[in-house]
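Asker: Sequence:
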Amino acid sequence: MIKNLIARLFASLRPDKLGLQPRTLRARFAPDSLIAHHSQHNLLERSTLHIEPGQIAYLIINEQYTAANEPGDYPLDPDNIPQTETADILYLNLDASASRLWQSIYQPSQRRLDQPLTGSYTISIRDPDTLCRILIENQTLDLDDDYLDQTLSYHIDQTLIHEQISADDIDHQTEALQNFLKARLRPQLAQLGLTLHDLRIARRTPGTPPQSAHPARPAAASATPAYARENTETTAPAPPAITTAKNDAPRPPLGQDKIFYRV
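Start counting the sequence shown at 1; every next residue gets the next number (our numbering).
Check before you lean on any hint, since a few could be wrong.
Taking CB as the label site, the calculated pair distances span [to be verified]:
#1 A202 / N80: 49 to 55 Å
#2 Y154 / S109: 16 to 22 Å
#3 Q191 / Q83: 30 to 36 Å
#4 A202 / Q83: 46 to 52 Å
No wet-lab data here; the hints were simulated from the structure. The beta-carbon is built from N, C-alpha and C at its ideal position, and this holds for glycine as well.
Working from the sequences, and respecting the hints, build out all of it.
Answerer: If you want it as structure tokens, here you go:
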């Protein structure tokens with residue numbers, strides 16, 4: 001009986017029971033996940049930062065960051081990190097691309113859409129340092145992968161607003177609009193450290209469009225829109241303020257007044 005009590009005592013004094021074993025911090029990315037974040041990690045407890053191949057981690061203290069970009073274990077010794085007790089840790093998945101969903105809140109002025117414009121996109125990280133810096137500056141570390149969805153949806157909205165895309169453009173020239181958005185968004189997202197591989201607009205369920213006070217415009221011709229020179233524009237012009245004023249003269253269909261790029 002005494003022997004059993006001594007065995008229990010020794011078991012209770014194991015290093016891991018006393019908190020002497022370092023805690024291992026790691027990121028296990030779910031499918032279609034590129035960003036993970038560990039908030040306010042306590043640096044006063046012994047811990048080890050573990051990096052898998054294809055990952056990079058940033059130790060962020062007072063908006064300053066240090067990268068751990070090689071696979072392996074990185075001991076976080078509080079003696080080497082003075083004058084602070086906590087740090088944020090940002091993990092980025094560089095070894096994969098993510099296929100995710102987007103949704104736009106855009107509504108054309110002449111005829112409103114009867115359902116939101118949605119779709120999917122495929123994206124990867126091309127410049128982790130740039131992405132880390134932007135996440136810190138925008139205070140969006142806590143969003144994790146939601147940052148990707150919100151960023152893409154925002155740029156889609158701003159492009160649609162600036163180009164004054166109509167409901168007929170969306171309903172009848174979906175493929176042309178997809179190609180146009182990809183060509184326009186790729187350089188914008190590249191400046192954020194991201195690579196846009198593909199963008200799709202979801203198939204829309206046919207329905208009766210709301211009645212408009214303006215005469216209906218004829219549907220765009222079935223001929224393929226003109227695809228011309230390579231897109232050299234790197235940034236979209238600043239979008240104008242959103243206005244509810246409606247122009248009595250209908251705009252020509254998308255394929256007649258715009259150049260689209262097959263991408």
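Asker: Could you tell me which of the hints above the structure violates, numbers in ascending order?
Answerer: none
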